[in-house]
Structures are given as structure tokens and as C-alpha cells.
Amino acid sequence: MNANTVILRTQARLFLREPANVFFALLFPALLLLAIGLAIPGMREPITEGALAGSGVRPVDLYMTAVLALAVATIALTTYPQVFAIYREKGVLRRLRTTPMPASRLLVAEIVVNLVALVVGVALALAVAFGVFRVEAPTQPLVVVLALVLGAVSMMALGSLVTALASSTGAASAMGMSLYFPMLFFGGVWVSVALMPDTLRTIATYVPLGAVAQALNEGWFGEGFPLHQLVVSVVWTAILVPLAARLFRWE
Amino acid sequence: MTPVITVKNLRKTYGAKVAVDDVSFEVRRGEIFGILGPNGAGKTTSVECLTGLRAADDGEIRVLGLDPAHDGAALRERVGVQLQEGELHPKIRVREALELFASFYPDPADGVALATRLGLAEKLDAQYRHLSGGQKQRLAVALALIGKPEIAVLDELTTGLDPQARREVWELVESVREEGVTIVLVTHFMDEAERLCDRIAVIDAGRVVATDTPAGLAVGARRGQVMRFRTDGDGARVTALLEGLDSVEEARVDRGEIVVRGREDVVVDVVLALAEAGVRPVDVEVARTSLEDAFVQLTRSHEEV
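First to last, the protein sequences are chains A and B.
22 is the number of the first residue of the first sequence in our numbering; add one for each residue after it.
6 is the number of the first residue of the second sequence in our numbering; add one for each residue after it.
The shape of chain A in the complex, shown without the other chains (with noise of 0.2 Å):
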């Protein structure tokens, strides 16, 4: 059989079979959105304060685009970075080098599954965000997708760095966790993006995630085109790509 179906389907067999990764990379996001939504009063009433009072924007209308920023930010830094950590600390890099597979094939497999699972991890959360919610259709569907397409690409370009880095999974999940959660917080998942201070507002424009989450919702509330916030992710993107390729190691 082909080499490239039978490591694509042997990486998403080992993908599945890590629970932590079927829970925080497929169901999180959806659920969280589910209990957030749910739990907290006054996440389904209109906001009726700041810059957004009377446009009609409820606050799990801003949840749910910080909860695909957060599914962006979990398949980038902890799944990702995990399976590569394991590979180098167990010497799998090193015994798949002596076979005549270039071992950067086992590297886009891995990627390639990481992307369906990110699909399906905001496919789910959008079937909450529709389906229990009422969310409106995005006021821009293309510019939706262009801001998760570019930011999905720099947020594993930035994962791919802690792949590089990483000589144990310890250090991976470290390394990891670290970026994650300061992430989390400029992508909105703490403070909602609409609501921060200007100042942390401006900051976040340049940060990977804080880029992604500012460009969906202008994607998914406004009418304007995030040309600034979609540059940084591309920015990212070229530099965070040619640093980790230069100091990945096999071992």
C-alpha cells in the first residue's frame, strides 16, 4: 500500500488514540462554549454596554469566537508539539532515518492529521454555536475562514517551533503551556477581545492568537476587512517557519 496512506492513517490511529487529545483537541471547545453559554447569566442577553451596545451582539456571540481561537491554540501547542516530543525522546526520529522514508513525510502526516482534527474541533463547536445558541451566520463567511486558514497556519508555524526546541515531552508540555495560556488570554478566552482596554487591545493585535481571534470576529460581526490583524498571522508565519525549520533536530 502507499507509504503516505499508511502513515497518514497510523498517525490518526495513535492521534485517537490519546485521550487527552479526543478530549481538549475534538470536544473542548464545543463544550466549553456548551457551559460557559449555559452556566453563566446574561451570556445570552444583547450587550447593552461599551462599543458594541445595540449592535444586537450577545457575549456568546464574542465566546464563541474566542472558544475556535482557543481550538486553534490547543491543536498548535499541546497536541502537536506532543507527538514529535515523544518521537525524539523514544528514538523514533532516529530509527525511522535508517528506513528509506524521508522522515519529513512523517512530520506533514502529522500536521495533515493535527488540521482534520482542528476541523472537526470547530465544526463541533459551530454545531453548539448554531445549534444551542442561535448564531447568526458570519456577516463575512470569507473573511471567517481566511482569518482560521492563516491563523491555524501561524499558530502551528509557532507550535512547530516548540516541536524544534523540545528535546522531551516534558519540555514540549512546558514549553507548550507557557505559550498557551498568555495565548488564550490574547485571544479573548479570559477577557473577551471586544471588551479589553485599548492598550492590551493594540497589543494583541500583534500577538499570533490575539491577530486570529480580532480578525474572526471583525470576519463574523463587522464589515470592515482585518487587513492589519490577518498580516501579523502571515508575519508569524514567515518567520516562525524558516526558525523552526533551522533548528529542528531528529535527536
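This list has only true hints and no planted wrong ones.
Dumping the calculated DSBU-like pairs for lysine-lysine here, alpha-carbon to alpha-carbon at most 30 Å: (1) A:K111 x B:K128; (2) A:K111 x B:K96; (3) B:K22 x A:K111.
None of these hints come from the bench; they were simulated from the model.
A quick note: this is a predicted structure, and the numbers were derived from the prediction, not measured.
Got chain A; can you put chain B on it based on the hints?
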């Protein structure tokens, strides 16, 4: 016969540390060739250069006529490698690992048949993390063989295995050789090298100190035979008597035993001389110099240089 592997003046350093100083050897088709040496002697580095995992600093390597540094991809289709510390994903099943590795090669062996031959038939659906040390090693051998290689390189195959598992792995290696696969066996176990190898290169401190058959290495070591026995008589008188014999190099009393060292024909001479003098030896023990003696001598004499 043309060698399948030729290594000439291989050298590899890591910064200031010289891992391999000057290593040369040839491996012939169909043999089990041992690379024997103490830990840190440069065995693994030599093998890594051989399989293209590392680039040599200097020297010439040809494996099946190919240069590992340049023709790595072509070479890796024809050489199977089992590495020290080369594990698999903890949750991959044996069957999946076999399928995965089979997909890397143009004409792979039947993974299930191979596993069955290696006694892993019952474990096909077990995850890697649940295998015993011996089963992991057997799987590593299976994966090294799945591409139907002409050469299999096995690095520290039995380290950490219990005696029963070691014996199983040894039998496996012998049966693989029966099928015509040339085997390069890296080990620091003397008994393993002696039991399995047709020829051995002894490596110490990054250099080949000897290359020969296990028996040849033992003979090359300094002394032929050592004989020990006890007698009722006066030890000093007996040793004085024996020291007069041509084939005896040394005779002494050691903790109530008489120890005689000499040429290969020393035993007969000693027994005849004792009989003539009316001395009856009891608890006679005769030992040949073993590969282990040769190994200790080769690696120690190097240190003294």
C-alpha cells in the same frame, strides 16, 4: 569474495572528542561480522556512519558499492537497521508497526509471517508499551528485516534481556543468516560475539585493535593453556620439577593449587612428568584462553601504549 562492506580509515569527532579515530574493516557476504568493544569505544558511531545516520569526517565507506553519505536513500532500501534506543510510539500495535515499516520498502516481506517466525504471533494486536524487553527486541529485528535487506545491522541486540530471551534472539540471528542475509552485529558481550560471529573486529578507543575469527583471536592472545590441580606431595618440589619441562612457561602454587601455564601441549607433558615422579594430581582443571582473555588483553594493552 568481494566484500559487501568496506570501511577504510574511518574517523569521526564530536568537537574535541574523538569518537572514532581510525577504523578499517571489511564484511563478506553471508557472514555474521561482529564489532566488539567496551562501552564508548566508538562502535555505535562507526555503525551510524555505515548506515548514513552520521557523516564521517574522514575515510572511505562502501556498503553494497554505495557511499552512505551520498546514496543514503538507495542504501536504506537494501540495509535493515536495528538501533540501540530506537523505540516506537508507545501506543502503536505490533501489526500496525509492521504494516507501517513494510510500506516504506518497494518489495517488503510479509509482516505477519515474519512476526510469527519471531514468536510474536500472539502479540500482533498488543501495543508497543505492553511488550516485554525480549518482545521489543524481536520486533526491532522484524522491522530491520521487513524490507528484505541484503545486510542487517544489529546494534546491542541483547542488552537488558534475560538469559532465556537472549538465547531466543541469538537463534533468530542465526536463522536469518541461514537465509543469506549478511549481519553486522555490534556488541560488548564476549559470549554473544563468540557464539554468533564468523569474524570479529575488536574496537577500542576508536581504533580496530584486531580482526579475526573468535578462535583466531583467542589463539592470538598470549598463552596457550592453563592447568590447575592439587597433589598430596610437597608443592614446591612439584613446581620445581615442572618448571624444568620445555612446554611449561610458569608453574606456581596458588591457594593450595598448583597452576601451570604453557604451550598447547603442556597438559600431556605435565601428566607424564608427574606420573614418572610418582605424584598423583587430583581435581585437574584445564582451560584454554578464551575470547574474553583475548579481549581483555587487546583492550588493556592498548591502554598501556
